[in-house]
Every structure is written in C-alpha cells, then in structure tokens.
Amino acid sequence: MVPRMRIDRRVLAGLAAAALVAGCGSSEGADVPDDAVSGTLTVFAAASLTEVFTALGGRLEDANPALQVQFSFAGSSALATQISQGAPADVFASANEAQMAVVTDADLAEGETQVFTRNVLQIAVPAGNPAGISGLADFAREEPALAVCAAEVPCGAAAEDVFAAAGVTARPDTLEEDVRAALTKVELGEVDAALVYASDVAAAGDAVEGIAFPEAEQAVNDYPVCVLADAPNPAAARAFVDLVLSGEGRRLLTDAGFRAP
Amino acid sequence: MSLHASIAVRRGTLDLELDVEVADGEVLAVLGPNGAGKSTLLRVLAGLLPPDAGSVVVDGATWDGDGTSLPPHSRSLGMVFQDALLFPHLSVADNVAFGLRTRGAGRAPARAVAADWLARVGLEGLGDRRPRELSGGQAQRAALARALVGEPALLLLDEPLSALDARTRLAVRAELRRHLAEFRGSTVLVTHDPVDAMALADRVVVVEDGRVVQAGPPQEIARRPRTDYVARLVGLALLPGTGRGTRVHLDDGGAVAVAEEASGPVFAAIRPESVALYVARPEGSPRNVWRATIAGATPHGATVRCDLTGEVPLVADVTATAFAELGLAVGAEVWATVKASEVAVYSR
Amino acid sequence: MPAPLLVPAAIGVLFLALPLVGLLVRTPWSQLATQLAAPGVGQALRLSLVSATLATLLSLLLGVPLAWVLARSRTRGRTVLRALVTVPLVLPPVVGGVALFLVLGRQGIVGSWLDDAFGITIPFTTTAVVIAETFVAMPFLVISVEGALRAADARFEDVAATLGAGRWTTFRRVTLPLVAPGIAAGAVLCWARALGEFGATITFAGNFPGTTQTMPLAVYLALQRDPDAAIVLSVLLLAVSLATLLLLRDRWLGRGGAA
Numbered sequence: 001m002v003p004r005m006r007i008d009r010r011v012l013a014g015l016a017a018a019a020l021v022a023g024c025g026s027s028e029g030a031d032v033p034d035d036a037v038s039g040t041l042t043v044f045a046a047a048s049l050t051e052v053f054t055a056l057g058g059r060l061e062d063a064n065p066a067l068q069v070q071f072s073f074a075g076s077s078a079l080a081t082q083i084s085q086g087a088p089a090d091v092f093a094s095a096n097e098a099q100m101a102v103v104t105d106a107d108l109a110e111g112e113t114q115v116f117t118r119n120v121l122q123i124a125v126p127a128g129n130p131a132g133i134s135g136l137a138d139f140a141r142e143e144p145a146l147a148v149c150a151a152e153v154p155c156g157a158a159a160e161d162v163f164a165a166a167g168v169t170a171r172p173d174t175l176e177e178d179v180r181a182a183l184t185k186v187e188l189g190e191v192d193a194a195l196v197y198a199s200d201v202a203a204a205g206d207a208v209e210g211i212a213f214p215e216a217e218q219a220v221n222d223y224p225v226c227v228l229a230d231a232p233n234p235a236a237a238r239a240f241v242d243l244v245l246s247g248e249g250r251r252l253l254t255d256a257g258f259r260a261p
Numbered sequence: 001m002s003l004h005a006s007i008a009v010r011r012g013t014l015d016l017e018l019d020v021e022v023a024d025g026e027v028l029a030v031l032g033p034n035g036a037g038k039s040t041l042l043r044v045l046a047g048l049l050p051p052d053a054g055s056v057v058v059d060g061a062t063w064d065g066d067g068t069s070l071p072p073h074s075r076s077l078g079m080v081f082q083d084a085l086l087f088p089h090l091s092v093a094d095n096v097a098f099g100l101r102t103r104g105a106g107r108a109p110a111r112a113v114a115a116d117w118l119a120r121v122g123l124e125g126l127g128d129r130r131p132r133e134l135s136g137g138q139a140q141r142a143a144l145a146r147a148l149v150g151e152p153a154l155l156l157l158d159e160p161l162s163a164l165d166a167r168t169r170l171a172v173r174a175e176l177r178r179h180l181a182e183f184r185g186s187t188v189l190v191t192h193d194p195v196d197a198m199a200l201a202d203r204v205v206v207v208e209d210g211r212v213v214q215a216g217p218p219q220e221i222a223r224r225p226r227t228d229y230v231a232r233l234v235g236l237a238l239l240p241g242t243g244r245g246t247r248v249h250l251d252d253g254g255a256v257a258v259a260e261e262a263s264g265p266v267f268a269a270i271r272p273e274s275v276a277l278y279v280a281r282p283e284g285s286p287r288n289v290w291r292a293t294i295a296g297a298t299p300h301g302a303t304v305r306c307d308l309t310g311e312v313p314l315v316a317d318v319t320a321t322a323f324a325e326l327g328l329a330v331g332a333e334v335w336a337t338v339k340a341s342e343v344a345v346y347s348r
Numbered sequence: 001m002p003a004p005l006l007v008p009a010a011i012g013v014l015f016l017a018l019p020l021v022g023l024l025v026r027t028p029w030s031q032l033a034t035q036l037a038a039p040g041v042g043q044a045l046r047l048s049l050v051s052a053t054l055a056t057l058l059s060l061l062l063g064v065p066l067a068w069v070l071a072r073s074r075t076r077g078r079t080v081l082r083a084l085v086t087v088p089l090v091l092p093p094v095v096g097g098v099a100l101f102l103v104l105g106r107q108g109i110v111g112s113w114l115d116d117a118f119g120i121t122i123p124f125t126t127t128a129v130v131i132a133e134t135f136v137a138m139p140f141l142v143i144s145v146e147g148a149l150r151a152a153d154a155r156f157e158d159v160a161a162t163l164g165a166g167r168w169t170t171f172r173r174v175t176l177p178l179v180a181p182g183i184a185a186g187a188v189l190c191w192a193r194a195l196g197e198f199g200a201t202i203t204f205a206g207n208f209p210g211t212t213q214t215m216p217l218a219v220y221l222a223l224q225r226d227p228d229a230a231i232v233l234s235v236l237l238l239a240v241s242l243a244t245l246l247l248l249r250d251r252w253l254g255r256g257g258a259a
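Protein chains in written order, with the working numbering: chain G, 1 to 261; chain Y, 1 to 348; chain C, 1 to 259.
With the rest of the complex left out, here is chain G (with noise of 0.2 Å):
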C-alpha cells in the first residue's frame, strides 16, 4: 500500500510563503509555466524531500487552480518497486542514481533523466552535542551510542565510503533501515551521532545539530528526476519537474540543506 499524502492548503500555503521570503525576491509565479494544468498528479519521491517537494506541490497548485498533487514519499528503493510494478505514478525523485536505474532500466522513464540536487553527509548530534562528537573519528569509539545507516539503503552505502576513504573502523550500535530512522534515534537522544544526510539535519530542526566534516566530500549524493512513461498527467509532470529545476525549486532546496548540483 502507497501512503498518499494530500496537501493541506492552509499549512503549506504557509511554509511555501515562509520559503519563498528565505529564498528571497523572485516574483510570484516568474518560474511557473505560462500554460495552465489541470487533473491529478502524482508525485513519488525519496522521503528526504518531503518538505520542499510538498512546498512545491503548494506552489503548483496555487498556480494551477484545477490542478491537485498527491505525493507518496517513502524510500526510492520502495517507490522504484512500486513504479516497476505498474504504480500509477506521473513524476519519479530519487535520492540516488541505482533506484533511478531501476526505473529506466526497464524503459519507465520518458526521455532523460535530470540530476536536480545533490545530498551529502552530515553528523548528526543531538542539540548540545553532549558526547562531545567532533568528527567522523568518533566513530571508532566504543563508548558512545552510535546509529549508522545499513549498507544496504544509499545512506549506509555512502556512509560506508566516507569511512574507507577516512581510514576509519566504525564500531556503530546500530544499522538503521534508513536516514530517518537514524534521525528519529538522535532527536530522541538515544544516540549520541547519526550519520545522515544535511538534508535530514536541516528538516530536523533545533532538535539536531549537524556537523560537517572533509570526507563527506567522497560520498556525494545525486537525486534525479524524471517524468514516467506511463505518466496519467504527463502535461503537469512536466510543469512539476520544471518548477523543481527552476531558480525557484533551487532555492527551497539550497535552504532544505541540499547542495545545488
């Protein structure tokens, strides 16, 4: 089963306001395509973009009075099986290129896909650091309590490459089945660091402080887009992918924690 999510106008009129004053002076709707769409769209993408894609659908419809946007965010290697198994999907966005292949691999993808941001490594702290993590080093400690992603979800595979190329043994507590997961134990405070995106560091508020360090650098993350095949609404999937690869869709990104590509 897809968990849909329908947006609520109200609140995300709200935080799509709120971003756009961040992401300062562009004026209203420049980005937006001139040719109105319409119908249901349907937008899956990797969980970590939840906030700004959901902004963005905010934003769509605001321009698109006839247009409603459903998102299904979840992990992309889930989305990427449930897009191969014929999900009724209009727009495909990947937290990495593998799931993406599986997509296009079997011919799923209408025309190229484009990388639209980029994600990288970040230690996550809770606020306050209280285990006085300082760097990738601290993963070698036995003391504190350590979640790292397993290497089998793109987390854990990135996480596994800053490690080689930092020379460092992690001796982790825990291999989370994904990026959230890992957050949700450092905002609780039942891990003293996480290793997870800078996306997940930016969404997760005051709870979690992020620390950046070099070899986050050997593992950076590109998240394409594309437009499916079978696409009901391939005239609005393209509006969308359009608007995620304006100025505008860049902005509510860079301020997300991503890295522009």
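Simulated from the structure, these hints should not be mistaken for laboratory data.
Among the clues, some could well be false.
What follows is a list of derived Cβ distance ranges for each label pair [to be verified]:
1) 209(C) / 212(G): 25 to 35 Å
2) 143(G) / 248(C): 41 to 51 Å
3) 150(C) / 163(Y): 18 to 28 Å
4) 35(Y) / 92(C): 50 to 60 Å
5) 110(C) / 212(G): 29 to 39 Å
6) 143(G) / 86(C): 35 to 45 Å
7) 4(C) / 13(Y): 34 to 44 Å
8) 22(C) / 232(G): 26 to 36 Å
Note that beta-carbon positions come from the ideal geometry of N, C-alpha and C, so glycine has one too.
Fit chains Y and C to the known structure of chain G by using the hints.
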C-alpha cells in the same frame, strides 16, 4: 455442631430474608420453586456471596456478621452441586483428596483417606479414572465423598440429585441417606423435589419469593400445606413399610403393590395426582384398590385436595369439576386406586 | 456443507495461501544453499528463535495474571484496562518502538534512572529485542487467555473455595489447568507474532547483526539490495516457524488433548 443463620440478600429482583437453624446431625431441606432464593442461601452459607445483612454462626463461631465475613476457604464446609463438578484435570482420587491437600495434608496420607472414602461411596478401584470416565451417578458419589472427606461442620447440598436419571436417582438417594445418617455435622439440602425432602430431611422449610412460608417435619408439611405451591409440591403420602418382592407391607397395616422389587425397610411414596377416586369399585383389576373415607377436602386452584383415611392413609388431588360431578363431600365413602408403577419406593 | 459458507471459505484459503505460493514459486532454489550459508543467516535465525521464545515466556509471566484480572476482577477500571491492553494491537509497531524509547530509552522516564542508578542501558541490546517483541505480542496472549477464562466454568473455582483452597491455590491448582489449552493457544499466537515482529524491534532495539538483527530485519534489509536473498530468508523463517508450531501441536495433542 449447629447452624444458626439469619440473612438478608437483595440482588435485582431477588429479595431474600431467611432464618435457618439446623441442629447437630440434623438434615434441613429447603424446598421451593426456581428463583425462590434457595441456591442464594447456600452461596451465602458457603461464603461465596456476602449477605447484605444478618449473620451466619456455626458451632458458636461467627462466619458472617459482626462486621466479619470469613472467606469460603476458611469455613469448615463441604458442598455438593447439581452437576458433580469434579475437576476434569484431576483423577477421581485426587478430586476427593483435594480438600485434604488444600488443608495441608501430604500427598500419600490424603490419597489413603481418599481411597477409603471412595470405598465408602461404592467407588472402590475407580480412583485412577478421569471424571469423564464416570457415569452421572458415580460422579455424584465422588462429589459427595469429596465434600465429606474433610469432616466439615456444615454440609451443603444444592439439588444433588436433580441432574440424575430416575433410576440412578433412587440409588444415589439411598446412598446419600445412609451417609447423612452417619454425618455428625449440620446439613442443608436445597431441592425442588419433595421426594428428596421427604426421604432425606428431618425438617423442611418451604421458601417462596425469598421468604419461609412453612416449616416443620416432612409429614406435617405434606398433611397440612399452607399455600397452593406447598400443596402441589409436597402433598404426597409417605408410607413406611417392609419390602417383600413387589409388595411393600406397611408398618401400620395393609400393603402396597410396587413395580420394582424391594426388600427391607422402605418408604412407599404416593403423589396425590397419582390417586384416582371412584364412587363404585372400579372395573378391571388395578393392583392397588383401597376403600377410603374423605376426611377433609381443601380446594387449591382448579383441584381439590382430599385427605383420605382408611386402610392406607392417602392424599388425592381431584379436579374441582370431577369432585362436583361425583358428588363428593367430606365423609363420603370412595374407592381409591393407584398404579403400581406410580409408587416410588426407597429404603429408609 | 452449505455453499454460502463453503465458497467464502475456499476464497479465504486461496487469499491466505496464494501469497505463500507466490513466495515459493519465486524462490531461487538453485541458489538456496549459497544464500542460506551466507554469513549472518544462522545468527539472525537463532536470535529470532531465542528472542521470540523469551518474549513468549515473559508474556506468560505477566500476561496470564493480567488476563485473570481482566476476566475475574470486578474493578471499575477494567474497561479502561482492557482498552490499554489492546493498544499495542492497534498502535503501529514503529510508534510502539518510539514509545518504548520514551520509557526505557537512555532519556526515558525509567531508562534514565536505570542508566544513572545501575549503568544499564537497554536500547540496541538483545534485551531490547525481547522487550519490543513482548510489547507487541503480549496482547495476543492476554486476549486469548482472557477468552479462555471467561469460557471456563467459574463454578469450579467455587468448588475449590468450598474445599479450603484460597484464591491463589484455586488459581494454581484449578483455574490454570482448566484454561491450559487457551494458554497454549495464546502462547503460540504470541510466539508467532514475536517471531515476525519488525517495526518496534528495529526502532527500539536497532539493527545490528548478532545482537539485534532478527530474521524480519534481515529480510527487510536484504529486500533493499537483493530481493532473491530476501525471499530465501522469508521461506526459511516460514519453514522454521511452521515446523516448530506443528511439532508443538503434536506434543500437545499427544499428551491427551486437554482441549
């Protein structure tokens, strides 16, 4: 050993207010229709239900009242229910030994006493069986042994025979009678069957709607019913005699033909509705025909209860219509007949 | 048998059995040996069996008395109590895991005290796995045993009381044996649920091979990378759990069919 109870219970529509006294070795039958509160009385005496008011005193010890209420397991009592309710997961012997084990007896001594009791109720050698392997009568005997094994001060019998078929009931009733005669504590027997009350009890109280409506020795109650219910229920003639084959020779003279062979001292019980009255000697050859005089006639609803004197004292119920059509009246001479199969016989 | 019963029953069987068939059809039998010999599989299976069994024992220890209270006591709070017991049934297990953190985690109400006073931390240990599984699985046992207690003839308890048995003796020597089949059924349900537990475990206990990675966690992670491996692990878990249940059932029936 004695029981003095004066209790009040109010539960929904039930409004029970009873005074009960039972002396040492005495058997009190509580007779009444369903819903009269008989079983509630037993539950209160057993400590399974706290009374709203009143007291229960056994052998001078207060079980209920004065602000105290002894829990059931601290009361010296034995209880037999309508269904034997033998614990299905225990052997028959372990069922009987249960009350000894809970009171601290070791396994081996408890088993020995249980085996002895099983023999006394005629279940020798059945101790290793599971309860489901016993017949209804055997199960009820085992239940009796289980209740008596701890030599309680108070024995409570809740319709102990009513779940048994007619033939088994006769046998178990006789057995029960024997054990009650030996039992030194007080016994309260709840039943809706007047035959049980007559055969087993020294004294009867009749309970209707939560109140005692009549109390006294069984024969007294049978002879002088005070309510329609009692009249219908207990108006049977109880004739002591000695069984010889299919005849019972009555202690006061005369004989009654019965369907099944009997021997030794017995009771022959005849229900009023089993007695037919004729003005002339009836045709054919019913086995029990007696000349009788109507000594009394009391209308009870649609029937008239006739008190008969003569060779055999009887009570007969005649419909009011028949009573009028036959021109019956007190002092009239009649013929009374009873089928042999309608006579209940039990040892005394 | 009447068709209005037979047809839905048949559809029901298909509904339950077909996914199993699908799993078996997709199983890469040729790779079976290699997949099963992969490091960590035996470890995860052993951990699953041990933790599910411990969770079942813990559930019996706490759940049977709880079921008794629910079935027998006349306290006014019983309705509320029963609702509380069923909470883990309706709570998404992941939320259950977070809730366990809030109580038994390092920052939790009880957990922080355990840490300060005894230096005990529960999360990310096998203990946490057992606790998470117990939290999710115990309601199955409680509900099952409560049903058995309600169905049991309470007059047997009255009989025991008149024979000098206090409430504890009555419970131990009469009530417990009477509802033994219900307890066994509840324990089986509880064990099966604990064996398949995923959400609360991965949240509260985390996922680390050897200490907290049970089979369902291994299956989930395998699914991310290699669906074939995940299917093999699923079939293995299924086979072991079915074998265990059938074996136990034979034992119980062989012992005289207390039911």
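To see whether the hints hold, each was checked on the structure:
Look at residue 209(C) against residue 212(G): about 30 Å separates their beta carbons, and that is inside 25 to 35 Å. As the Cβ distance of residue 143(G) to residue 248(C) is approximately 43 Å, the hint placing it in 41 to 51 Å holds. For residue 150(C) and residue 163(Y), the Cβ-Cβ distance of about 24 Å falls inside the hinted range of 18 to 28 Å, so the restraint holds. The hinted window of 50 to 60 Å between residue 35(Y) and residue 92(C) holds, with their beta carbons roughly 51 Å apart.
Taking 29 to 39 Å as the suggested C-beta distance range, the pair residue 110(C) and residue 212(G) conforms, at roughly 36 Å. Range check, residue 143(G) to residue 86(C): Cβ separation about 40 Å, and the 35 to 45 Å hint holds. Checked against the given bound of 34 to 44 Å, the beta carbons of residue 4(C) and residue 13(Y), roughly 42 Å apart, stay inside it. Separated by about 27 Å at the C-beta atoms, residue 22(C) and residue 232(G) satisfy the suggested range of 26 to 36 Å.
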